[in-house]
Each structure stands twice: as C-alpha cells, then as structure tokens.
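Q: Okay, here's what each chain looks like letter by letter:
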Amino acid sequence: MASKQLFSVFSKLVISTNSLNIARPICTTSSKLREVVNRKEMLKTVPAMDEGTQGEKSVEIDYGLNKHELFPTAETPNKLFNGIPFKDIPIFHIKVSKNNTLIALTDAKGDFKIVRSCGSEGFKHTRKGTNIAAQATAITIGTKAREQGYKTIRVKVKGLGPGRMSAIKGLQMSGLEIISITDATPVSWNPPRPRKPKRL
Amino acid sequence: MTLKHVSFISRTVFVKNNDVEAACRVLNRILGREGLIDQYRRTRFFEKPCQFRRRINFERCKSIYNEDMDRKIQFVLRKNRLDAFPGAS
Numbered sequence: 004m005a006s007k008q009l010f011s012v013f014s015k016l017v018i019s020t021n022s023l024n025i026a027r028p029i030c031t032t033s034s035k036l037r038e039v040v041n042r043k044e045m046l047k048t049v050p051a052m053d054e055g056t057q058g059e060k061s062v063e064i065d066y067g068l069n070k071h072e073l074f075p076t077a078e079t080p081n082k083l084f085n086g087i088p089f090k091d092i093p094i095f096h097i098k099v100s101k102n103n104t105l106i107a108l109t110d111a112k113g114d115f116k117i118v119r120s121c122g123s124e125g126f127k128h129t130r131k132g133t134n135i136a137a138q139a140t141a142i143t144i145g146t147k148a149r150e151q152g153y154k155t156i157r158v159k160v161k162g163l164g165p166g167r168m169s170a171i172k173g174l175q176m177s178g179l180e181i182i183s184i185t186d187a188t189p190v191s192w193n194p195p196r197p198r199k200p201k202r203l
Numbered sequence: 003m004t005l006k007h008v009s010f011i012s013r014t015v016f017v018k019n020n021d022v023e024a025a026c027r028v029l030n031r032i033l034g035r036e037g038l039i040d041q042y043r044r045t046r047f048f049e050k051p052c053q054f055r056r057r058i059n060f061e062r063c064k065s066i067y068n069e070d071m072d073r074k075i076q077f078v079l080r081k082n083r084l085d086a087f088p089g090a091s
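If you read the protein sequences in the order shown, they are chains A and B. My numbering applies: residue 4 is where the first sequence begins, and numbers increase by one. My numbering applies: residue 3 is where the second sequence begins, and numbers increase by one.
Since the hints were derived computationally from the structure, they do not count as laboratory data. Be careful, since some hints might not be right.
Said to hold, decoys possible - List time: in silico EDC-like cross-link candidates among lysine to aspartate or glutamate, alpha-carbon distance up to 16 angstroms:
(1) A:Lys112 to A:Asp91
(2) A:Lys60 to B:Glu36
(3) A:Lys147 to A:Glu180
(4) A:Lys159 to B:Glu23
(5) B:Lys18 to A:Glu72
(6) A:Lys201 to B:Glu49
Claimed, not checked - Here chain A is said to cover these stretches of chain B; the calculated rule only asks that three of the stretch's residues, wherever they fall, bring their Cβ under 8 angstroms from a Cβ of chain A:
(7) 13-23
(8) 35-48
What the hints assert, rightly or not - Stretch-level coverage of chain A by chain B, calculated; a stretch enters the list once three of its residues show a Cβ under 8 angstroms from a Cβ in chain B:
(9) 72-84
(10) 157-171
C-beta atoms are modelled at their ideal positions from N, C-alpha and C, and glycine is treated no differently.
Full structure from sequences and hints, please.
A: In structure tokens:
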C-alpha cells in the first residue's frame, strides 16, 4: 500500500515537473486513500456472522405441512424407527459456540461413546469457529459412528454459532439417518447477571 | 417463567425424506417467533438499565402501532356489504 502511494506521489511529481505546474506537496498519507474511516461504517459493510439460524425471520406458510408427522406426540417415545423405539435411539449432542463446535455421541441414557471437537480435529485458533471446521468434524465423527454400527440417530443442538447448521449437515453427509432435531439452547428470562458488554 | 421443558418432546422436529435443512428451518422459525433466539442473544451480555428502558419503550410503541395498523387494515378489508368486492365482477 505504502509503495503504491509513493509511486502515485512520484508519478504526480514527474507529471508536475514535466508540465511545469505548481508541484503538489508530498504527503505519505491521504485521508481519502485510507480504507477504514469510521468503525461503525466499516461494520455495516461486513456481513453478519452466520449463526445457523436460517429461516428465523421468515414468515412463509407451510401449506403441505403435516403437523402430526412433523412434531412429536405422546406416543412418540414408543414409536419404532428402524425397529428401535424413539426413546432408545442414540443421541448426537452438538454444542455450538462462537469459537468452537463440540460433537458427542451418547446412548439414550446419556453415556458418552465418542467425543470430537473442531479443536481436536486439527483446526486451531479462529479456524475452529467456522462452518467448514464443524462440517469436517461432523463427517469424521459420523463415519466413526457408522463403523461402530450406529445407523439411526437423533440430534440435540445447543447454542448459536457458525457450526449449528453445518454440523447437522455433516452428520447427514456421513451417511447417518437423522430422525429428529431438538433444540436445547439454554434460554432463561431471569438469568444471573451476564458479563459486561464488550467495548471497542 | 421458565418451565423445565421435556427433552425430545418440546422444541423437536422430525426430519422428513432426509431433508435436514427444511426441518432446521421449521425449528428456527418457531424459535424465532417465540422469541427464544432473541432472548438468548440478549442475555449474552449484561443489558444496562438505560438500554433496557429504551428497548421496553420501543417495544411498547411498536405494539401500539401494530395494533392500530391491524385495526385499520381490518377496517379497509371489511366485507360486510351486499357485493363483497364491488367493481370486481
């Protein structure tokens, strides 16, 4: 950048000496050339972080939506899926945060079988908190689970973050059959006092 | 306010025809409509009392405006006349 500016300044100088005009003063920084003028304006141009909440604000109406098939009922726990009652199907717990994604396979009681995270997958630092990392992690843990004989699973998602959607997609890509998706985000209307807001 | 929800009964969507994305969208839409996602985002950082007051006042004004607007729209769309849509036929 600096070399570019210097070049432009020198080229102007050359032109000015050639045309015998009054030479412009040499200044290395120009306010017009600076990229970031205002932080607020800069943040407007940056796209919002993907939190895996596609369709959150949509107002579309599902015409062909069969509510009896889409949502669980009182009989659901004993309903059979591939010969297993719903309450005994193993669970994939996905914990999503801004900077990481953790995926754990447990049985219906909640005993851990396999645990993987974006960090243990080899993604380090800011790369952990990306949807690509989450998808790669989900694919590896999914294939591992398939090797161990798991076929049908249910998914429980906790938190908002870049890996929310892509982790579920990755699990499906690895060949597992996802029966249901549950949201377990901890939301409270009278929480303990949260941390102070960030200031920049 | 917060009731302990039963896992895998509440906030659960079944996946139909292996279409995970559609199921996610339905789930997200329900969560968004119920205000759960907004509340989650709001409680990440402490909301100062002045911000709280500002937000509450804004929401109050918005709901009053929405109520009035709904009434107006209902008034314009009322159909208790002999010919429901005059000039349309």
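Q: The structure should be examined with respect to each hint, and the outcome stated for every one.
A: Here is what the structure says about each hint:
Among the hinted pairs, Lys112 (chain A) with Asp91 (chain A) is consistent with the structure: their alpha-carbon atoms are about 8 angstroms apart, no more than 16 angstroms. As the CA atoms of Lys60 (chain A) and Glu36 (chain B) are separated by approximately 11 angstroms, the hinted pair is consistent with the 16 angstroms bound. Distance check on the hinted pair: Lys147 (chain A) and Glu180 (chain A) sit about 14 angstroms apart at the alpha-carbon level, within 16 angstroms; holds. Proximity of Lys159 (chain A) to Glu23 (chain B) is assessed by CA-CA distance (about 15 angstroms); at most 16 angstroms being required, the pair is judged to hold.
Restraint check: the Cα-Cα separation between Lys18 (chain B) and Glu72 (chain A) comes to about 8 angstroms, which is no more than 16 angstroms; the hinted pair holds. Between Lys201 (chain A) and Glu49 (chain B), the direct Cα distance comes to roughly 11 angstroms. Compliance with the 16 angstroms bound is thereby established for this hinted pair. By the rule of at least three residues with a Cβ nearer than 8 angstroms to a Cβ of chain A, the coverage given for the stretch 13-23 of chain B holds, with 9 such residues. Counting residues of the stretch 35-48 of chain B whose C-beta lies closer than 8 angstroms to any C-beta of chain A gives 9; at least three are required, and the coverage claim holds.
Residues of the stretch 72-84 of chain A lying with their CB closer than 8 angstroms to a CB of chain B number 6, which satisfies the three-residue condition for coverage. Counting residues of the stretch 157-171 of chain A whose beta carbon lies closer than 8 angstroms to any beta carbon of chain B gives 5, which reaches the threshold of three, so the coverage claim holds.
In summary, this structure violates none of the numbered hints.
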